[in-house]
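Protein chains in written order, with our numbering: chain A, -4 to 184; chain B, 23 to 286.
Honestly, the hints are just simulated from the structure, not real lab data. Everything numeric in this text was worked out from a predicted model, so none of it was measured. Quick reminder that beta carbons are idealized off the backbone N, C-alpha and C, glycines included.
Short, incomplete list of chain A residues facing chain B, as computed with Cβ under 8 Å:
(1) Phe35
(2) Phe38
(3) Trp39
Covered by chain B, per the in silico footprint, the following chain A stretches (three or more residues, Cβ under 8 Å):
(4) 12 to 18
(5) 44 to 57
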Amino acid sequence: MTRETNPQAAEDDGVPEGIDLFLPPFYDIFWSAVCFAVLFWIFWKYVLPKMKTALDARSEGIEQKLEQAERERNEAHVLLEQYREQLAEARSDAAQIRAEAQAERQSIVTEARTEAQEAASAVAERAEVQLSAEADRVRNVLARDVGRLATDLAEKIVGETLDEQKVSATVDRFIADLESVAAEEQETR
Amino acid sequence: MPTTDLIAEGEGFHTPSLVDFFPPAILFEGTPFEFTRVNMIQVLMTVAIATLFILAFRRPQVVPRGLQNIGELAVNFVQTYVIDSIMGEKGRRYLPYLVTLFFFILALNLAGIVPGLNLAGTSVVAVPAMLAVISWLVFNIAGIRKHGFGQYMKVNLFPPGVPIPVYILLTPIEFLSTFILRPITLTIRLLANMMAGHLMLVLFFAGAHYLLLEADWILRPLGLGAAAMGLGVTAFEILISVLQAYIFTLLTALYIAGAESESH
Chain A
-4 MTRETNPQAA EDDGVPEGID LFLPPFYDIF WSAVCFAVLF WIFWKYVLPK MKTALDARSE
56 GIEQKLEQAE RERNEAHVLL EQYREQLAEA RSDAAQIRAE AQAERQSIVT EARTEAQEAA
116 SAVAERAEVQ LSAEADRVRN VLARDVGRLA TDLAEKIVGE TLDEQKVSAT VDRFIADLES
176 VAAEEQETR
Chain B
23 MPTTDLIAEG EGFHTPSLVD FFPPAILFEG TPFEFTRVNM IQVLMTVAIA TLFILAFRRP
83 QVVPRGLQNI GELAVNFVQT YVIDSIMGEK GRRYLPYLVT LFFFILALNL AGIVPGLNLA
143 GTSVVAVPAM LAVISWLVFN IAGIRKHGFG QYMKVNLFPP GVPIPVYILL TPIEFLSTFI
203 LRPITLTIRL LANMMAGHLM LVLFFAGAHY LLLEADWILR PLGLGAAAMG LGVTAFEILI
263 SVLQAYIFTL LTALYIAGAE SESH
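Model the full assembly from the supplied sequences, consistent with the hints where possible.
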C-alpha cells in the first residue's frame, strides 16, 4: 500500500495524482509510527502509572483522613460525655458540701449559744454565791461588833466586870433576840 | 504557477495548493527513511506533548499543582468523556491506547496553527491511515478475543432478527461498513479536515499578506478583512483540532465497545 519514494506518478512539482494522493509513502508511515510508538510507550509505561499512583495515594489519603476524623469525632463525643458526667457529679458534690456546711454551721451556732448561756449562768451563780457569802460574813461581823458595843455599854452602865461566861451568854441571847426581831420586821415589811 | 504570471511585482500571491503537503526531503533523501518538513513537524509535536506529560508527572504529588493539574485534567477528559461514557469500567484497559491516540492527533493537529510549523502533522495521509489501521486492529482483536473468530464474524455479518434471504443483501453491506469503510472514513475525515484547515489558513493569510503589502493601494483595506478572517479561521482550527482528535478517539472507543458487546 505504500508509494515509492520520489513517486513515478508525481508531476514535476512533486505532487502525486489520483489514488497516489491516498497512498502514503513508506517514510511518512515510518516516522509517524515512530512518533506514535514513542508517545504510546511514554503514556503506557510512564505517565499513566505515575498518575494512577498519585490518584491512588490521594484516594487512600482521603480515606485515611475521613477515618481519622470519624475516630476523633467519636473520641470527642466520649470525652464530652465524660466531662458532662464529671460536671454533674461535681455539681451534686458541691450542693451536698454546701448543705453539709450549712448544717454544720447551724450546729456550731447552736452549740456556741448553749455554751455561752451556760457560761453566763455559771458566772451569775458564782456571783450570787459570793454575794450571799459576803452578806453572811458582814452579818457575823456586824453581830459581833454590835455585841461588843452592847457589852461595853452595859459594863459602863453597870460599872462592874461581869463574869465572862455569863456576859457572852447574855450577849448571844440578846443578839438572837435582835435577829428574831429583825426577821419579824423583815416579814412584816 | 499561473497566478504568479498575473502579478507583475513582488513575490506575488502564494496560492495554497497540494504542494504544501508534499514538501521535499530534508534528510536521508532517496532512502526509505526520508525525512521531510512534515515528519519534522510530527517529531517536534511528539516531543512537545511527551515533554509536557513527562514534566507533569515527573514527581506526582498527592495534592497536584501546576502542570500535574493540567495533565490529570487532560487524561481525565479522555477517561470520562470517551471511555467511561461509552465502555464503562471495563474500558479502562484501553486507556493507554486511547489517551495516546487523542493527544497524538491533537498535538499533530495543533501544529497547523503553530507559527513556524504551520502545517498539521495529520494532514498527510500516512498518519490518519496508520492510526485508522491500528484502531481497526484493536477493535477486531478485542472482538475476536471476546467472542472467538467465528462468533465475532457471525455477530457482525449476520445480525439476528432478520429473515434469512435478507442476509444476501445485508451481509455484504455489514462487511463493507464494518471492515472496509470504518478505517477509510476515519482516515479521510481527519485528513480532509486538516488539509482543508491548512488551505483556508494559507488562503487568508497569504491573501492578507499580498493585499496589504503588494496590491494596489485601493485594495489594501481588504487585506485587513482577510487578516481578520485568518484570525477567525485560526480560532476555528483550534476547535477543529480538538474536535477531530475527540471524534477519532470516540469512534475508536465505540468500535471497540461494539466489538466486545454481546449483540451487535
